[in-house]
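Asker: As a plain string of letters, each chain reads:
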Amino acid sequence: MRQIRATPLGWVIWAVVVFFFVNLAGVVLSVLVSSFGTKWFDTWFPSGFTTQWYGDAWREFTLFHVIVVTLLVSALVVVLSVLVGAPAAYVLARKNFPGKRLVYLTFLLPILMPPITYGIPLATVLYKFGFAGHLSGVVLANLVPSVPFVILTMTPFIEQVDPRIEDAARMLGAGTRAVFLKILAPLLVPGLLASAILVLVRTVGMFELTFLTAGPDSQTLVVALYYSMSAAGIRAQQSVDAMAVIYTGMMLVLLVVALRFVNPTQLVARVKEEPSE
Amino acid sequence: MSGFDQLRLDGVTRRFGAADALVGLDLTIERGEFIALLGPSGCGKSTALNCLAGLLPLTAGAIWQDDQRIDTLPPEKRGFGMVFQNYALFPHLTVRDNIAFGLRMRHLPKDDVRRRTTEAIEMVQLIEHASKLPGQLSGGQQQRVAIARATVLEPTLVLMDEPLSNLDAKLRLEMRTEIRRLHQSLGLTTVYVTHDQEEALSMADRLVVMRQGKVQQIGTPEEVHTKPSTWHVADFMGYRNLLPLKASQMNGDQVTVDLGGTAIRGSAQGAVAPGDDVIAAVRPEDVKLSDQGVKGLVEVVEYQGRERAVEVVLDGGGQDDPVRLHVRTEQRVEAGEQVALTVTPGRLLVYPS
Amino acid sequence: MSATWQHRLAERGVDRRLWLLLPATIFVLLLFVYPFLYGLSLSFQPTDGGGVLANYSKFFSDAYQRDTIATTLKIALPAALLNVLAAVPIAFRLRGRFRGKRLLTTILVVPITLGTVLTAQGLLNYLGPTGWLNRLLLSLHIVDDPIRLTNNYWGVFFSLVITGFPFAFLLVLSYLSGIDPTLERAAATLGASRAQRFRRITLPLLAPGLATTFLLTFVLAFSVFPSAVLVGNPAGSTRVISLAAYQAAYEQYDYSYASAIAMVMGAVELVVVAIVLVWRSRLYTGSTGGKG
Chain A
5 MRQIRATPLG WVIWAVVVFF FVNLAGVVLS VLVSSFGTKW FDTWFPSGFT TQWYGDAWRE
65 FTLFHVIVVT LLVSALVVVL SVLVGAPAAY VLARKNFPGK RLVYLTFLLP ILMPPITYGI
125 PLATVLYKFG FAGHLSGVVL ANLVPSVPFV ILTMTPFIEQ VDPRIEDAAR MLGAGTRAVF
185 LKILAPLLVP GLLASAILVL VRTVGMFELT FLTAGPDSQT LVVALYYSMS AAGIRAQQSV
245 DAMAVIYTGM MLVLLVVALR FVNPTQLVAR VKEEPSE
Chain B
-7 MSGFDQLRLD GVTRRFGAAD ALVGLDLTIE RGEFIALLGP SGCGKSTALN CLAGLLPLTA
53 GAIWQDDQRI DTLPPEKRGF GMVFQNYALF PHLTVRDNIA FGLRMRHLPK DDVRRRTTEA
113 IEMVQLIEHA SKLPGQLSGG QQQRVAIARA TVLEPTLVLM DEPLSNLDAK LRLEMRTEIR
173 RLHQSLGLTT VYVTHDQEEA LSMADRLVVM RQGKVQQIGT PEEVHTKPST WHVADFMGYR
233 NLLPLKASQM NGDQVTVDLG GTAIRGSAQG AVAPGDDVIA AVRPEDVKLS DQGVKGLVEV
293 VEYQGRERAV EVVLDGGGQD DPVRLHVRTE QRVEAGEQVA LTVTPGRLLV YPS
Chain C
16 MSATWQHRLA ERGVDRRLWL LLPATIFVLL LFVYPFLYGL SLSFQPTDGG GVLANYSKFF
76 SDAYQRDTIA TTLKIALPAA LLNVLAAVPI AFRLRGRFRG KRLLTTILVV PITLGTVLTA
136 QGLLNYLGPT GWLNRLLLSL HIVDDPIRLT NNYWGVFFSL VITGFPFAFL LVLSYLSGID
196 PTLERAAATL GASRAQRFRR ITLPLLAPGL ATTFLLTFVL AFSVFPSAVL VGNPAGSTRV
256 ISLAAYQAAY EQYDYSYASA IAMVMGAVEL VVVAIVLVWR SRLYTGSTGG KG
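Chains A, B and C are the protein sequences, given in the same order. Sequential numbering from 5 applies to the first sequence in my numbering. Sequential numbering from -7 applies to the second sequence in my numbering. Sequential numbering from 16 applies to the third sequence in my numbering.
One thing to keep in mind: the hints can contain errors.
No more than 20 Å apart at the CA atoms, straight line, and that leaves these computed lysine to any residue pairs for SDA-like [as the list claims (entries may be wrong)]:
1) A/K186 / B/P126
2) C/K116 / A/W15
3) C/K116 / A/E64
4) A/K132 / C/L55
5) C/K116 / A/K99
6) B/K124 / B/R107
7) B/K69 / A/A182
8) A/K43 / C/N149
9) A/K99 / B/R107
10) A/K99 / B/P66
11) A/K104 / C/R31
12) A/K132 / C/R31
13) A/K104 / C/R212
14) C/K73 / C/D269
15) B/K69 / C/R32
16) B/K124 / A/L191
17) A/K99 / B/G9
18) C/K116 / A/L256
19) A/K132 / C/N149
20) A/K104 / B/G9
21) A/K104 / C/W34
22) C/K116 / A/K132
23) A/K186 / B/A11
24) A/K132 / C/I194
Simulated from the structure, these hints should not be mistaken for laboratory data.
Looking at chain A on its own, in the form it has when it is part of the complex (with noise of 0.2 Å):
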């Protein structure tokens, strides 16, 4: 361990950091306080404390149905992207064939476009299929940015796996079925269980895909937490704050998780060079 010695562009250093954490406290605590805040007008914080707002955005927003609605989309896209995007990340670290470059861009693409770009005629397709304004669209729609990020997530802990086990069984017996159930899918529980919960996370964190795609019945929490916004003036200040804190509530539980199995680092993104021919 090593400690971080105090030169003086060292304090600027902290001292930027230390002012990005008070303001970044600053934008998350005022949310906290309004929401149980009574009435919050020109003062430092509200007149009184109460807990009514939780119960009004429950009721308002009908919270219960969109947290189920959120959960249920989240976990099939999980689910979905993973039983996609793992065969797919196999392939693309295990072998060389002709066309994998264009393969491997086409499947990185989608994260490198920004949603609305292919959100706008991915809606218009799902709306002329009928699939758009239901659970089916949006869990579609937020398949797309997914199941790239499984197969980005999993091809470095595939390659972890030395090939040559592959080829001890094969030598043993096992055909492809066998190897891949027997030897493969425990080999690979952390990796599987690592980008089914970054997943998790990015669905129900996920906006644009699903507000262009979503029908009053399928929001999730974080497209009725933007109406509730968009709408201000009609609805209490502060029931949007409560809602706002139960969203919150719902990703630092997620996170916290999340970080049981994954480091920071890969949240954010999984950083791979192009792949070597």
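Let chain A serve as the given structure and place chains B and C on it in line with the hints.
Answerer: Leaving out everything else, chains B and C in the frame of chain A:
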């Protein structure tokens, strides 16, 4: 599993992109043989082994097991056993489960699996480690698990890919004997890949020496050791002195070459004619310090226990291109000493260059 | 199939395991490539008629629409640049192991997971005219009137810094820890000063990573949407291009025009990405000697 009488490799070729890793390998393996594929790294020996195992598809050629063509079968259908260089043990399975894996894949009755696994564990003396994971074992123990895992199925052919290269020197000697013993007691047919000539010589019935994807020589250890077919093989088999010389006289297969002003007789290997540029090969242990012969100056002395490895610069060589001879001797010599050298008769091999 | 054919295909890596790629490929074709191409062709079939390129000429001839490109870039580029540049010295300082590093990185992840909507709500409360920050500045008599930090350019900018900076920082940190520290020590034994070591050794090895970080941060900032509406001034200074596309689709129900705007948006982003990638390809991108 019924054994085979012969396994025939017929022009087995493997290309990687534009590079030829293995070119036209013809080899017939008899039942019960111990064959070593020997050569420097990148010579194609591991490629050959992987082609045989089915882990690498062939570019051309065929592999026949008696009358059955097997090169299109996937590895799991060939029924061969394999021991990998890094052992490739399943890290999530215990020693017992590693060894039982192949038996379970064949859906044998539970009792059979248990009995044969226990026997195999006893055979490699790992009873007290049976429920450990591979990560908890030493290198030598892991090696023994790998061997037990491959042989418990009584495969028709066992393939070994440099299985001893990750062990320390002492353990390597012990395991050599162990593998040879297993080969004999289980009546296995073994193909063994190594870059260590001593290992190959001491274990194999036949050696296949390879270079740049091509077979250089196939023969018994003695043949390969005493009569390397090319100077490349000689180089690999420990002929450290490879001297570019000129042939002066021929007498049957006896050639006379001029070494540092002294005429020395050697035996011609291949087509050599008087006046040709040749390469003369001799092992350091076949060059002796004596009172007369080729004169030279001791340049470097390495003490190696019982013996000394001595490097001698011959007199009369050019300033910029001195001729050096490597000598092994029990005599005490020191750098800067003037010495004379003779070559043990019959041990100088002369190859066309 | 004959053995020769099977051999030849297998040698090129074409074997049965490639089928595993099929579900993902079908998926990406159906849900990404097809909608994208559909949107592209839709953008050439204007609802109001007027030729293939009518949507595009409509977009570029209308200053109110055209300016969204500049508006977006004016927000996204400085925000991404600031995030990356600020991350470098801080990550450089905090690389290696020290007490509380895990805690620090964990706190940094929080704003990323909170997402833009919650951040926007927090910014409105915190930076608003009666928020804590203005209150503090007023009571310290640093300002006489509350400064306007929300519902304008700065609100959006701060929102991008709050979500983007931790993102950039964590990426730069992981790139930095991938550089073998003995390289710097080697340079020190050769007489390089602290600044020289950073300038000549660390920075060149870090540069490709910085380019990637910039790209990813830029992509995040470029697609800014909720915060532009919530903490920005969506009718004026923060009318970003994604907002224009959204309005065309969901307020005017002109999907053809909306697709055209989405295509322009994608093209502008890809131009920036391409410029950075070309610059990056001229850098050394080999091994950095570390285990990262």
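Asker: So, for every hint listed, does it hold in this structure?
Answerer: Structure-based check of each hint:
no.: 1; hint: A/K186 / B/P126; result: holds, 16 Å
no.: 2; hint: C/K116 / A/W15; result: holds, 17 Å
no.: 3; hint: C/K116 / A/E64; result: violated, 42 Å
no.: 4; hint: A/K132 / C/L55; result: holds, 16 Å
no.: 5; hint: C/K116 / A/K99; result: violated, 37 Å
no.: 6; hint: B/K124 / B/R107; result: holds, 19 Å
no.: 7; hint: B/K69 / A/A182; result: holds, 13 Å
no.: 8; hint: A/K43 / C/N149; result: holds, 19 Å
no.: 9; hint: A/K99 / B/R107; result: violated, 39 Å
no.: 10; hint: A/K99 / B/P66; result: holds, 17 Å
no.: 11; hint: A/K104 / C/R31; result: holds, 16 Å
no.: 12; hint: A/K132 / C/R31; result: violated, 35 Å
no.: 13; hint: A/K104 / C/R212; result: violated, 39 Å
no.: 14; hint: C/K73 / C/D269; result: holds, 13 Å
no.: 15; hint: B/K69 / C/R32; result: holds, 17 Å
no.: 16; hint: B/K124 / A/L191; result: holds, 17 Å
no.: 17; hint: A/K99 / B/G9; result: holds, 14 Å
no.: 18; hint: C/K116 / A/L256; result: holds, 19 Å
no.: 19; hint: A/K132 / C/N149; result: violated, 49 Å
no.: 20; hint: A/K104 / B/G9; result: holds, 16 Å
no.: 21; hint: A/K104 / C/W34; result: holds, 14 Å
no.: 22; hint: C/K116 / A/K132; result: violated, 50 Å
no.: 23; hint: A/K186 / B/A11; result: violated, 36 Å
no.: 24; hint: A/K132 / C/I194; result: violated, 50 Å
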